[in-house]
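Which chain is which? The protein sequence lines are A and B, in order. Anchor point for the first sequence: position 67 equals 67 in the working numbering, and the numbering is continuous, going up by one each time. Anchor point for the second sequence: position 156 equals 156 in the working numbering, and the numbering is continuous, going up by one each time.
It is worth saying that the hints were derived from the structure and are not from the lab. All C-beta atoms in this analysis are idealised placements derived from N, C-alpha and C, irrespective of residue type, glycine included. A hint or two may mislead.
Just a few of them, taken from the derived set where beta-carbon distance is under 7 Å, the chain B residues facing chain A [unchecked claim]:
id	residue
1	Lys143
2	Leu146
3	Gly147
Residues from chain A that face chain B, not an exhaustive set, calculated with beta carbons under 10 Å [as the list claims (entries may be wrong)]:
id	residue
4	Gln54
5	Pro56
6	Asp60
7	Ser116
8	Lys117
9	Thr120
10	Asp124
11	Ile125
Here is what each chain is made of, one letter per residue.
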Amino acid sequence: MNRPCTHQNELERWFDGEATLGAQLESHIEECSSCKEHVEFLRETRAAIEALPQSPEIADAQMPAFLEGISEGIHQPRRRFSGIWAMASGVAAALIAAVAMMSMLTAPEAPIGAESKVETYSTDIEGASVDVLGCENETQTVWLNTPDDREI
Amino acid sequence: MRFLSLKILTLFAVALVAVSAQAQDSAPEPVEFTFVAIKASNVSGVTQKSYSKSLESVRRDIASLSYNTFEKKSAYSGTIPFDSKTKIPIDNTYSLIVEPTAVDQQGRIKLSTQVIMKKVGKDGKMVNVKALDTVLSMATGKKLNLGGLKLKDGGDLLIVLSVK
Numbered sequence: 001m002n003r004p005c006t007h008q009n010e011l012e013r014w015f016d017g018e019a020t021l022g023a024q025l026e027s028h029i030e031e032c033s034s035c036k037e038h039v040e041f042l043r044e045t046r047a048a049i050e051a052l053p054q055s056p057e058i059a060d061a062q063m064p065a066f067l068e069g070i071s072e073g074i075h076q077p078r079r080r081f082s083g084i085w086a087m088a089s090g091v092a093a094a095l096i097a098a099v100a101m102m103s104m105l106t107a108p109e110a111p112i113g114a115e116s117k118v119e120t121y122s123t124d125i126e127g128a129s130v131d132v133l134g135c136e137n138e139t140q141t142v143w144l145n146t147p148d149d150r151e152i
Numbered sequence: 001m002r003f004l005s006l007k008i009l010t011l012f013a014v015a016l017v018a019v020s021a022q023a024q025d026s027a028p029e030p031v032e033f034t035f036v037a038i039k040a041s042n043v044s045g046v047t048q049k050s051y052s053k054s055l056e057s058v059r060r061d062i063a064s065l066s067y068n069t070f071e072k073k074s075a076y077s078g079t080i081p082f083d084s085k086t087k088i089p090i091d092n093t094y095s096l097i098v099e100p101t102a103v104d105q106q107g108r109i110k111l112s113t114q115v116i117m118k119k120v121g122k123d124g125k126m127v128n129v130k131a132l133d134t135v136l137s138m139a140t141g142k143k144l145n146l147g148g149l150k151l152k153d154g155g156d157l158l159i160v161l162s163v164k
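Required output: the full structure, derived from the provided sequences and hints.
This is the structure:
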């Protein structure tokens, strides 16, 4: 890049519309490569800025309504839906916790696979004995062995 | 608002704990108890095991026993309270006394069971004798049998027990 020319400030004022392009400056631009480059740079920059998306402009007629909307947003209280939803979520969470706790605290159901079994057995019949019959996967039977065929 | 929700949740939790504690302290629910009393015998000439029609529900539970003929004598189905003896007659000789006493960690019901037999004592008077005295851990839907009890008219008495 060339060294900046001393006319560049003057050039920028002309480019921004703050000054007129005098004959002397015009002939200088034709001769000064640095000023030529600078003018080109300013044009490219302006073109790039103009190509940026423009935010919508609020017309003067719309301005009172726009300001009124902002004022309403500031001064009106927030609607309470968020609080209701928070409470509803809390109650739902509490219900889930309640169901879980109740299922933990209630008497357990016999799990699948739990088998019935004989804990203790005896008889008061004189001379008789008691056994437990039944293999695995069979229903167990508490069996009274009487000393003779007909006890009763 | 947040504080109100927190208060409601706290109250709810406290109430829940109180209800749960009360549920734990209270007695267990009465037990649905069922038995089927069967006359089991070996009839000469019978080659295949035969069951009376009303024994379909317990057929699998008695099939392995060494009899060829099974006839239903009586049956009972009802609720019995915890920690209380319930006496149920089976026939003129035998009666059953059952008492649920606890629920074990696997959910099985501990059932104190006695088969009481009326018999003529040495002095000629009728006396009650504990023919069988057992403690059973009964799982829901898993049966247990009592057997070998002699019947006056021949054959043996089988009792198939179950709880819900």
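So, going through the hints one by one against the coordinates:
1. Lys143: Constraint on lysine 143 (chain B) satisfied, holds at 5 Å.
2. Leu146: Holds - the Cβ of leucine 146 (chain B) comes within 7 Å of chain A, reaching about 5 Å at its closest.
3. Gly147: Since the shortest Cβ distance to chain A is 5 Å, the answer is holds.
4. Gln54: Violated, about 42 Å.
5. Pro56: violated, 37 Å
6. Asp60: violated, 42 Å
7. Ser116: holds, 4 Å
8. Lys117: The hint holds - lysine 117 (chain A) has a Cβ within 10 Å of chain B, the shortest such distance being about 5 Å.
9. Thr120: holds, 5 Å
10. Asp124: Hint on aspartate 124 (chain A): holds, closest Cβ of chain B at ~4 Å, below 10 Å.
11. Ile125: It holds, given that the least Cβ distance between isoleucine 125 (chain A) and chain B is near 6 Å, below 10 Å.
Hint check: violations occur at hints 4, 5 and 6; the rest are consistent with the structure.
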